[in-house]
Amino acid sequence: MSAPVLTKEAPEPVEEPVLRKPATRKRLVPYWLLLPGIVWLLVFFALPLVYQASTSVQTGSLEAGFEVTWHFPTYWEALQEYWPQFVRSLLYAGTATVLCLLLGYPLAYLIAFRAGRWRNLLLVLVIAPFFTSFLIRTLAWKTILADDSLVVDALNALHVLDVTSWLGWTEGDRVLATPMAVVCGLTYNFLPFMILPLYTSLERIDGRLHEAAQDLYASPATTFRKVTFPLSMPGVVSGTLLTFIPASGDYVNSELLGSTDTKMVGNVIQSQFLRVLDYPTAAALSFILMAIVLVMVTVYIRRAGTEDLV
Amino acid sequence: MEQYEPDSLSAAQLAAIRRSMTSGRGALSRRSMLRAGGVGALTVGGLASLSACGIPPAKREGQGAASTDDSAKEKTVAFSNWTEYMDVSEDEKSRPTLEAFEKRTGIKVKYTEDINDNVEFFGKIKPQLAAGQDTGRDLICVTDWLAARMIRLGWVQKLDPSNLPHAYTNLSAQFRNPDWDPGRAHSYPWTGISTVIAYNVKATGGKKVDSVTQLLDDPSLKGRVGFLTEMRDTVGMTLLDLGKDPGSFTDADFDAAIGRLQKGVDKKQIRRFTGNDYTSDLDKGDMAACLAWAGDVIQLQADNPDIRYSIPAAGYITSTDNLLVPAQSRHRTNAEKLIDHYYELPVAAQLAAYINYVCPVDGVKDELTKIDPELADNTLILPDKAMAKKSRAFRSLTGAEETAYEEKFAKLIGA
Numbered sequence: 001m002s003a004p005v006l007t008k009e010a011p012e013p014v015e016e017p018v019l020r021k022p023a024t025r026k027r028l029v030p031y032w033l034l035l036p037g038i039v040w041l042l043v044f045f046a047l048p049l050v051y052q053a054s055t056s057v058q059t060g061s062l063e064a065g066f067e068v069t070w071h072f073p074t075y076w077e078a079l080q081e082y083w084p085q086f087v088r089s090l091l092y093a094g095t096a097t098v099l100c101l102l103l104g105y106p107l108a109y110l111i112a113f114r115a116g117r118w119r120n121l122l123l124v125l126v127i128a129p130f131f132t133s134f135l136i137r138t139l140a141w142k143t144i145l146a147d148d149s150l151v152v153d154a155l156n157a158l159h160v161l162d163v164t165s166w167l168g169w170t171e172g173d174r175v176l177a178t179p180m181a182v183v184c185g186l187t188y189n190f191l192p193f194m195i196l197p198l199y200t201s202l203e204r205i206d207g208r209l210h211e212a213a214q215d216l217y218a219s220p221a222t223t224f225r226k227v228t229f230p231l232s233m234p235g236v237v238s239g240t241l242l243t244f245i246p247a248s249g250d251y252v253n254s255e256l257l258g259s260t261d262t263k264m265v266g267n268v269i270q271s272q273f274l275r276v277l278d279y280p281t282a283a284a285l286s287f288i289l290m291a292i293v294l295v296m297v298t299v300y301i302r303r304a305g306t307e308d309l310v
Numbered sequence: 001m002e003q004y005e006p007d008s009l010s011a012a013q014l015a016a017i018r019r020s021m022t023s024g025r026g027a028l029s030r031r032s033m034l035r036a037g038g039v040g041a042l043t044v045g046g047l048a049s050l051s052a053c054g055i056p057p058a059k060r061e062g063q064g065a066a067s068t069d070d071s072a073k074e075k076t077v078a079f080s081n082w083t084e085y086m087d088v089s090e091d092e093k094s095r096p097t098l099e100a101f102e103k104r105t106g107i108k109v110k111y112t113e114d115i116n117d118n119v120e121f122f123g124k125i126k127p128q129l130a131a132g133q134d135t136g137r138d139l140i141c142v143t144d145w146l147a148a149r150m151i152r153l154g155w156v157q158k159l160d161p162s163n164l165p166h167a168y169t170n171l172s173a174q175f176r177n178p179d180w181d182p183g184r185a186h187s188y189p190w191t192g193i194s195t196v197i198a199y200n201v202k203a204t205g206g207k208k209v210d211s212v213t214q215l216l217d218d219p220s221l222k223g224r225v226g227f228l229t230e231m232r233d234t235v236g237m238t239l240l241d242l243g244k245d246p247g248s249f250t251d252a253d254f255d256a257a258i259g260r261l262q263k264g265v266d267k268k269q270i271r272r273f274t275g276n277d278y279t280s281d282l283d284k285g286d287m288a289a290c291l292a293w294a295g296d297v298i299q300l301q302a303d304n305p306d307i308r309y310s311i312p313a314a315g316y317i318t319s320t321d322n323l324l325v326p327a328q329s330r331h332r333t334n335a336e337k338l339i340d341h342y343y344e345l346p347v348a349a350q351l352a353a354y355i356n357y358v359c360p361v362d363g364v365k366d367e368l369t370k371i372d373p374e375l376a377d378n379t380l381i382l383p384d385k386a387m388a389k390k391s392r393a394f395r396s397l398t399g400a401e402e403t404a405y406e407e408k409f410a411k412l413i414g415a
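Protein chains in written order, with the working numbering: chain C, 1 to 310; chain V, 1 to 415.
Be a bit skeptical, because a hint or two may be false.
What the hints assert, rightly or not - Incomplete in silico selection of chain V near chain C, CB under 10 Å:
1. L216
2. D217
3. P219
4. G223
5. G363
6. K411
7. A415
Bear in mind the hints are in silico, worked out from the structure with no lab data behind them.
As the structure is a prediction and not an experimental result, all values here were calculated from the model.
All C-beta atoms, glycine included, are put in the ideal place defined by N, C-alpha and C.
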C-alpha cells in the first residue's frame, strides 16, 4: 500500500486536519459513496416493501378505509383463487427464458468470436429495440402475428399451426390471442437481457483456450461442451435470471397479445389493485410471486453454481 | 496477458467461475442470505411499526366542501382531459375553442392530456384526494361511474348554477338527471358515449351483425368477437340482450349476464376483452365484430369503408364523460366559466365536429350543419328520436356492489 506512506511524508499544514486520521477517513469513504444508493434503496425499495407487507394483512374497503388486522388468510385465499395464473406465469416465463437462451446463445457466440469488425454494429442492433417504447414494440407484434399476416399464412401453409393447436398453444388457424403469442412477445421483449450478459462472458474467454483444446484433439463439439459453455456459465446464469424474473411479473404481453385464458399473475395484481380495489389481495399476490421467484432462483443458483460447474 | 499455463489454468479458471458463482454478482452466499435475513428482520420491525396505521377511509366529510376560491385573483384553470378529446387547428398548433375562451375571459387554460384510463387516473389522484389535498387540477373529465364514485366519496365540489347559464339551458334532457348526480349539482357531461356493435364486413363475409346474441352464438364469428374491459358496457349490453334494464337490474340479473358471457368465453367464441385497442383489431379484421364506442366507429369509418355499425334492437348503453371540479381546487369559478363556454352552441358544434362523440348540448344541429351537414345527420353524434328511445344508462352502484361486480367481471375476463 502506498497511500499511508505518502501521508507520512507529506505533513502539509493546509490539508492537515483531513489527513491526520487517514485510516478512519479511508474506512468511511466507501460508506459515503454508498450513502446515496442506500438512501435511494431505503426510500424507494425498502419502505414500499414494508408498506406493501402491511397492506397485505389489512382488511376493509375503499370507503371505510383499511386497517391492519393481521389477516393472513388473504395469502391463502389469493393463492387458492389464482394458482392457475401463477402456474401460467412461471410456465410462460420459463418457456420464454429457454427460447431466449436457444436464440440468444448462438447470436452472442457469433458476436463474441466471429463478428470481427461487425461486432459493434451487431451489438448496437441488439440494443436498438430499446430506443422504442416497450408498448409500441409489443403492439408491433399484433401486426406481425395478425390473422392474415404473412407469418401466420406461412405457418398455416406448413401445417405448423395444426400441431401447435393440437398442443393447445394456438387456437384454430390463428396465433394472436393464444399462449404462443404471449410467449413469443415475452421472448422478443426480453431477448436483449439474455444476449448482453452472454456476450460479456463469452467475449472474456481467451481464444487460445480453443486452440489448446484443438491441440488436445478435442472436436469442436467437445471444445464447446468442455471449454466454452462452462466458461460462459456466469453469463447463462445472469442472462436467465434477467429474463425470467421480469418475464414472470410481466402483464403487458398477456394483455395485448393474449386472451382470457392467458392472463398472468401480473394481470391479476393490476386488476385487483386498480379495478376491484382489493389492495390487500393485490399486495398478497405480489408477495407470493416474490417468494416463489426467490425460492426458484435460489434453487437454480445453487444447482448452477455447483453441479453444472464442477 | 498472463502466460498460458495448461496445468494450472483449468483449475484457476474453474476457481474463478466458482468464485463468480458464489461471491460474484449472481451469488447467493451464506453471508448474503444472512444479510437478506437482516432485511427480513428489518421488514418485520417496520411492519410492527406500521401495524398501527392502515389506509384511512377515503370518504371526506362535509361533502363537496368548497375550498377557498381564488378565481378572481388568479386567472387560470388547469384542465385535465383524455387524449384526442379537444379540437385542434389544422396546423395542429392551437386549440381553437380553448383559445376563444382564453381570449374572451382572459383566463389562461393549462390544458393537459393526462387521462388515458379511468382506473389508472383514479389510482393517480386518489392519494391526494383521500388526504384532502389539492391535486393541482381544477377541472377533470372522467367517465360517469368514476364521477359517481368521486361524488360519493365527497371528492368533488358543488357547482354554482349562476355561473353556468348556457349549460343549464342547453344540456340535453337525456343527461339531466343521472341517478348518481340528480340535477347535475356536481358535474356536466363533456360528451356522451354510445356503446354499439361494430363489424368489419370484409371479415364477416358481408354479413350484418346486430345483436349481442349473434356476437355470442353465431358460429361464423367464432374466435373473432370482442367485448370491452369496461364492465358497464359489456354487462350492460348483455343485460339489454337478456331483456333486462341496466338501469334497474338485480344481483341475479347481473349473474345471469356474467354466466351468458362466460359461455361465450368457454366455447372460445370471444377472442378477447379489450380497451381502446379493439380499433386496430377491427380495422385489420382480426376481430370480425365487437362492442365499440360510437366515436371510434366514425373515426374508423373515415379510413376504412368496411367498418359498419349497428344499434341492437334490444337497445344500447349510453354513458357520459363528465367534467368535475375536484375538492380543494382553488379555481372553481374559472372552471365553471370554462364548462359554460362549451355549452354555447357554436362552441359545442365546433367541438362535436372534431371529436365525433355524442354531443350533450341541445339545439346544436343548425350550428353543426354549418360546419359539416353530413356530420349533423349522423345519429351517432346527434341521436334522433328513434335512436334516443333505445338508449339506456347503467345504474349507479354502491361501493359494496361495485367491488362485488368488478370482482366477478375480473374473473370473467381472466384476471
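Against the structure, the hints:
Of the supplied interface hints, the one on L216(V) is violated, with its beta-carbon coming no nearer than about 14 Å to a beta-carbon of chain C, more than 10 Å. Hint on D217(V) is violated. Least Cβ distance to chain C is approximately 18 Å, over the 10 Å limit. Look at P219(V): its Cβ only gets to about 12 Å from chain C, farther than 10 Å, so that hint breaks. Hint status for G223(V): holds, given a least beta-carbon distance of 6 Å to chain C, under 10 Å.
Interface restraint check for G363(V): the shortest CB-CB distance to chain C comes to about 38 Å, outside 10 Å, so the restraint is violated. The beta carbon of K411(V) is positioned within 10 Å of a beta carbon in chain C (closest approach about 9 Å), and the interface hint is therefore held. The beta carbon of A415(V) is positioned within 10 Å of a beta carbon in chain C (closest approach about 4 Å), and the interface hint is therefore held.
Hints 1, 2, 3, 5, counting from the list given before, are not met by this structure.
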